[in-house]
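Counting from 1, one number per residue, gives the positions in the sequence shown under the UniProt record's numbering.
Accuracy of the hints is not assured; some may be wrong.
Claimed, not checked - Below are the BS3-like pairs computed for lysine-lysine, each with C-alpha atoms no more than 30 Å apart in a straight line:
| id | residue 1 | residue 2 |
| --- | --- | --- |
| 1 | Lys715 | Lys649 |
| 2 | Lys788 | Lys710 |
| 3 | Lys787 | Lys745 |
| 4 | Lys523 | Lys561 |
| 5 | Lys710 | Lys552 |
| 6 | Lys44 | Lys710 |
| 7 | Lys710 | Lys745 |
| 8 | Lys523 | Lys552 |
| 9 | Lys561 | Lys710 |
| 10 | Lys561 | Lys641 |
| 11 | Lys710 | Lys53 |
| 12 | Lys302 | Lys318 |
| 13 | Lys53 | Lys552 |
| 14 | Lys523 | Lys710 |
| 15 | Lys302 | Lys649 |
| 16 | Lys561 | Lys318 |
| 17 | Lys552 | Lys649 |
| 18 | Lys552 | Lys302 |
| 19 | Lys641 | Lys552 |
| 20 | Lys710 | Lys641 |
| 21 | Lys523 | Lys715 |
| 22 | Lys715 | Lys53 |
| 23 | Lys649 | Lys523 |
| 24 | Lys745 | Lys641 |
| 25 | Lys649 | Lys710 |
Stated by the list, open to error - Label-pair ranges, simulated between beta-carbon atoms:
| id | residue 1 | residue 2 | range |
| --- | --- | --- | --- |
| 26 | Thr32 | Ser671 | 23 to 31 Å |
| 27 | Phe418 | Glu325 | 33 to 41 Å |
| 28 | Gln756 | Glu650 | 26 to 34 Å |
| 29 | Lys561 | Glu325 | 52 to 60 Å |
For the record, the hints were derived by calculation from the structure and aren't laboratory data.
Glycine is no exception: its CB is placed at the ideal position from the N, C-alpha and C atoms.
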Amino acid sequence: MYLLDDPLSAVDAHVGRHLFEACLVGYLRRHTRVLVTHQLQFLKDVDQIIILKNGTIAAAGDFGTLSASGLDFATLLARGEEVEEKVKVKEQPPEASADDVSLHESFRKRQLSIHSVSSVDNITLAAPPESRGEAESRSTGAVTGAVYGAYFRASGHALLVTAMALVALAAQLLGSGSDWFTSYWVNLEEAHPLTALRGVTAADANATGPLQQADNLTFTMLDDVVFKNGLSRYDCIYIYTDDVVFQNGLSRYDCIYIYTGMIIALVVISLLRSFMFFSMAMRASTRLHNNMFSSITRAPMKFFHANPSGRILNRFSKDMGAVDEVLPSALLDVLQIGLALIGIVIVVAVVNYWLLLPTMAIALIFYGLRIFYLSSSRSIKRLEGVTRSPVFSHLNATLQGITTIRAFGAQEALIREFDNHQDLHSSAWFLFIASSRAFGFWLDLVCVIYIAIVTLSFLVMDTDEFGGNVGLAITQAMGLTGMFQWGMRQSTELENQMTSVERIEEYSHIESEPPLTSAPEHKPPPGWPEEGRVEFRHMSLYYNMDEGAVLKDLTLVIEPKEKVGIVGRTGAGKSSLINALFRLATIEGEIIIDGRETSTLGLHELRSQISIIPQEPVLFSGTMRHNLDPFDEYPDTVLWKALEEVELKEAVSELAAGLSSRMAEGGSNFSVGQRQLVCLARAIVRRSRLLVLDEATANVDPQTDFLIQKTIRSKFAECTVLTIAHRLHTVMDSDKVLVMDAGQKVEFDHPHRLLQTERGVLRGMLEQTGRATADNLARIAREAYEKKYGAASSSTE
Numbered sequence: 001m002y003l004l005d006d007p008l009s010a011v012d013a014h015v016g017r018h019l020f021e022a023c024l025v026g027y028l029r030r031h032t033r034v035l036v037t038h039q040l041q042f043l044k045d046v047d048q049i050i051i052l053k054n055g056t057i058a059a060a061g062d063f064g065t066l067s068a069s070g071l072d073f074a075t076l077l078a079r080g081e082e083v084e085e086k087v088k089v090k091e092q093p094p095e096a097s098a099d100d101v102s103l104h105e106s107f108r109k110r111q112l113s114i115h116s117v118s119s120v121d122n123i124t125l126a127a128p129p130e131s132r133g134e135a136e137s138r139s140t141g142a143v144t145g146a147v148y149g150a151y152f153r154a155s156g157h158a159l160l161v162t163a164m165a166l167v168a169l170a171a172q173l174l175g176s177g178s179d180w181f182t183s184y185w186v187n188l189e190e191a192h193p194l195t196a197l198r199g200v201t202a203a204d205a206n207a208t209g210p211l212q213q214a215d216n217l218t219f220t221m222l223d224d225v226v227f228k229n230g231l232s233r234y235d236c237i238y239i240y241t242d243d244v245v246f247q248n249g250l251s252r253y254d255c256i257y258i259y260t261g262m263i264i265a266l267v268v269i270s271l272l273r274s275f276m277f278f279s280m281a282m283r284a285s286t287r288l289h290n291n292m293f294s295s296i297t298r299a300p301m302k303f304f305h306a307n308p309s310g311r312i313l314n315r316f317s318k319d320m321g322a323v324d325e326v327l328p329s330a331l332l333d334v335l336q337i338g339l340a341l342i343g344i345v346i347v348v349a350v351v352n353y354w355l356l357l358p359t360m361a362i363a364l365i366f367y368g369l370r371i372f373y374l375s376s377s378r379s380i381k382r383l384e385g386v387t388r389s390p391v392f393s394h395l396n397a398t399l400q401g402i403t404t405i406r407a408f409g410a411q412e413a414l415i416r417e418f419d420n421h422q423d424l425h426s427s428a429w430f431l432f433i434a435s436s437r438a439f440g441f442w443l444d445l446v447c448v449i450y451i452a453i454v455t456l457s458f459l460v461m462d463t464d465e466f467g468g469n470v471g472l473a474i475t476q477a478m479g480l481t482g483m484f485q486w487g488m489r490q491s492t493e494l495e496n497q498m499t500s501v502e503r504i505e506e507y508s509h510i511e512s513e514p515p516l517t518s519a520p521e522h523k524p525p526p527g528w529p530e531e532g533r534v535e536f537r538h539m540s541l542y543y544n545m546d547e548g549a550v551l552k553d554l555t556l557v558i559e560p561k562e563k564v565g566i567v568g569r570t571g572a573g574k575s576s577l578i579n580a581l582f583r584l585a586t587i588e589g590e591i592i593i594d595g596r597e598t599s600t601l602g603l604h605e606l607r608s609q610i611s612i613i614p615q616e617p618v619l620f621s622g623t624m625r626h627n628l629d630p631f632d633e634y635p636d637t638v639l640w641k642a643l644e645e646v647e648l649k650e651a652v653s654e655l656a657a658g659l660s661s662r663m664a665e666g667g668s669n670f671s672v673g674q675r676q677l678v679c680l681a682r683a684i685v686r687r688s689r690l691l692v693l694d695e696a697t698a699n700v701d702p703q704t705d706f707l708i709q710k711t712i713r714s715k716f717a718e719c720t721v722l723t724i725a726h727r728l729h730t731v732m733d734s735d736k737v738l739v740m741d742a743g744q745k746v747e748f749d750h751p752h753r754l755l756q757t758e759r760g761v762l763r764g765m766l767e768q769t770g771r772a773t774a775d776n777l778a779r780i781a782r783e784a785y786e787k788k789y790g791a792a793s794s795s796t797e
């Protein structure tokens, strides 16, 4: 069974008829086919017709039965018979592309929702520029200083960064100073006369109290003892419990006060350092995100065509997550450990300057290991970031097409594809983790050797060091190795995470669109455009400057208030013409609207004056009011009036909050036809002098199509209207029809005049629809011509 959800609406009549006859009726004739369509001309060739209304089956039967019934839909079915007669598809002229090219283009357009470009002839050789995704770029080599500079510039003013560095330096000075003062204090205590208690024997004591002899001579702790220096045990106890003045003039209380003050200052400055650092980190993260977001929103359309959504999501999710969470921690550790290492080296050198030799050796070994490790881990980290993008892209595409995936039972194929992407990313991630662990192992080994050297140096070297100095040197050495090891790890982690800043900066400096506002000398007056005259002067359009032009040397004039239909085969360049009007791509030549060249205008001032009803309407997440009037420029009465004119007032009134009701994502709580009518209501509210309909009625039912056409004729009678259409009946009553092929203007005149041209392109397209349809469309064109120029003019043609 094949379920077909209106696949014929995005192609022209000729391709649609070929798809229906050759594929649906021919190739799939042995299968059950369920076709959902608004194009009634195909219904007479199906076996059974089911008419739905308000979610229920209104009628069912074959074409003859329903046509003869008294249902309201019977008139529509009869009209479908008039719209197109079943004919054989004629052989295409040499200048047209092969059917398989049109089929490929139609499928691509349905899948990617990308505007048609270039010529159908060119699609046989290469896909259009928009559909050709570029490989994600990946930097090589060390992270440059410019990346670090960008991060610190984003963190705040240079004075704030300098103040932060000074506070961190002060915190380290206090930390190292408190360690040194502890050792100095211990040495003072050791040098005090009270140390005479050490090594005193009974023979030296001349004790006056009773002594107790045993295997070893000891003093009774219950009686006083007077030593040779004249101090008794009670004197010593008194001295230890009272203040002492050391040889340098400091008392014990002075040392206590100094040490307490240093610790309190260290706590306060450390808190200030942490507060300042994380404030800077938050500011840097916010600015980097905002810069990238601003750059993305100002990027030209070719950027989004070349970069899939998963690649962009990767930058905003994983890379921004690393900058938010991992990078600040690594940077703070590197800052603290770097200063601490300097302090420890200085303290160790003061205690025993010979220890500088193994310290310098371990520093050189660590630095060599770091360079060796970073040469691979940096590239692996970048590779991990690149291999992560396909995972996001696949997941995003799967969620968008989950209905189709389930309908075709393609879950297993998609799971395998996802597993392939995930396995590739996991392999890069595993390499990164494994290399990190190997780096840590070698750091541990070097640290153990260093601690052994420091400890043995006091045993091998004949020195009379104070115990405080020895203890300080060993504890500082142990701390030094731990900090060396962790510092090396964090410095490499910092460099690895800086690749995220590098990738963010890459998207923060992409090519931008032209300025949003006009220069003062080119600023249009209020009310521009007053008439709606559009002129193209030798205009060419490029999606990629390295490739050929999609629109080629287009020259034509659209007079004010004219209704111009734009027709052509799929890929002829119809939608590219609209892209040129909105300046969504690079153009050469001139486009002049009411005397002002569009390249001199700001994009806001240009695009805000042109209303468009797209082929695939989308409602923005927000309220109905903001969808109709995003900038709150009009009162509710104007909005309700516009909804009433497109016959949506009742539907919106039934919503819980009326105009304040929130729309689902993409407007999914409205049908395609209703979303199209909302876009039409938005255009009515804006009352622009220029209105563009990009195949606006291709995906809607005949009633909605009739309502849109009627509203446009009545509400936009004073406006210039450009209509891109696959179905000729929507443009045959236009003032002029522009026929395009391969990006060039083939014909441009009133449709009635074009139909009088022998072997004309429009006439050929008309004849391909069948005799009944051709006669009907020719009649519409003739009546429109007579209405505009008079019956006499028609008779002379």
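Evaluation of the provided hints:
{"no.": "1", "hint": "Lys715 with Lys649", "result": "17 Å, holds"}
{"no.": "2", "hint": "Lys788 with Lys710", "result": "18 Å, holds"}
{"no.": "3", "hint": "Lys787 with Lys745", "result": "26 Å, holds"}
{"no.": "4", "hint": "Lys523 with Lys561", "result": "24 Å, holds"}
{"no.": "5", "hint": "Lys710 with Lys552", "result": "34 Å, violated"}
{"no.": "6", "hint": "Lys44 with Lys710", "result": "27 Å, holds"}
{"no.": "7", "hint": "Lys710 with Lys745", "result": "28 Å, holds"}
{"no.": "8", "hint": "Lys523 with Lys552", "result": "29 Å, holds"}
{"no.": "9", "hint": "Lys561 with Lys710", "result": "16 Å, holds"}
{"no.": "10", "hint": "Lys561 with Lys641", "result": "23 Å, holds"}
{"no.": "11", "hint": "Lys710 with Lys53", "result": "22 Å, holds"}
{"no.": "12", "hint": "Lys302 with Lys318", "result": "24 Å, holds"}
{"no.": "13", "hint": "Lys53 with Lys552", "result": "46 Å, violated"}
{"no.": "14", "hint": "Lys523 with Lys710", "result": "35 Å, violated"}
{"no.": "15", "hint": "Lys302 with Lys649", "result": "38 Å, violated"}
{"no.": "16", "hint": "Lys561 with Lys318", "result": "51 Å, violated"}
{"no.": "17", "hint": "Lys552 with Lys649", "result": "44 Å, violated"}
{"no.": "18", "hint": "Lys552 with Lys302", "result": "19 Å, holds"}
{"no.": "19", "hint": "Lys641 with Lys552", "result": "42 Å, violated"}
{"no.": "20", "hint": "Lys710 with Lys641", "result": "16 Å, holds"}
{"no.": "21", "hint": "Lys523 with Lys715", "result": "28 Å, holds"}
{"no.": "22", "hint": "Lys715 with Lys53", "result": "29 Å, holds"}
{"no.": "23", "hint": "Lys649 with Lys523", "result": "38 Å, violated"}
{"no.": "24", "hint": "Lys745 with Lys641", "result": "39 Å, violated"}
{"no.": "25", "hint": "Lys649 with Lys710", "result": "17 Å, holds"}
{"no.": "26", "hint": "Thr32 with Ser671: 23 to 31 Å", "result": "26 Å, holds"}
{"no.": "27", "hint": "Phe418 with Glu325: 33 to 41 Å", "result": "26 Å, violated"}
{"no.": "28", "hint": "Gln756 with Glu650: 26 to 34 Å", "result": "46 Å, violated"}
{"no.": "29", "hint": "Lys561 with Glu325: 52 to 60 Å", "result": "59 Å, holds"}
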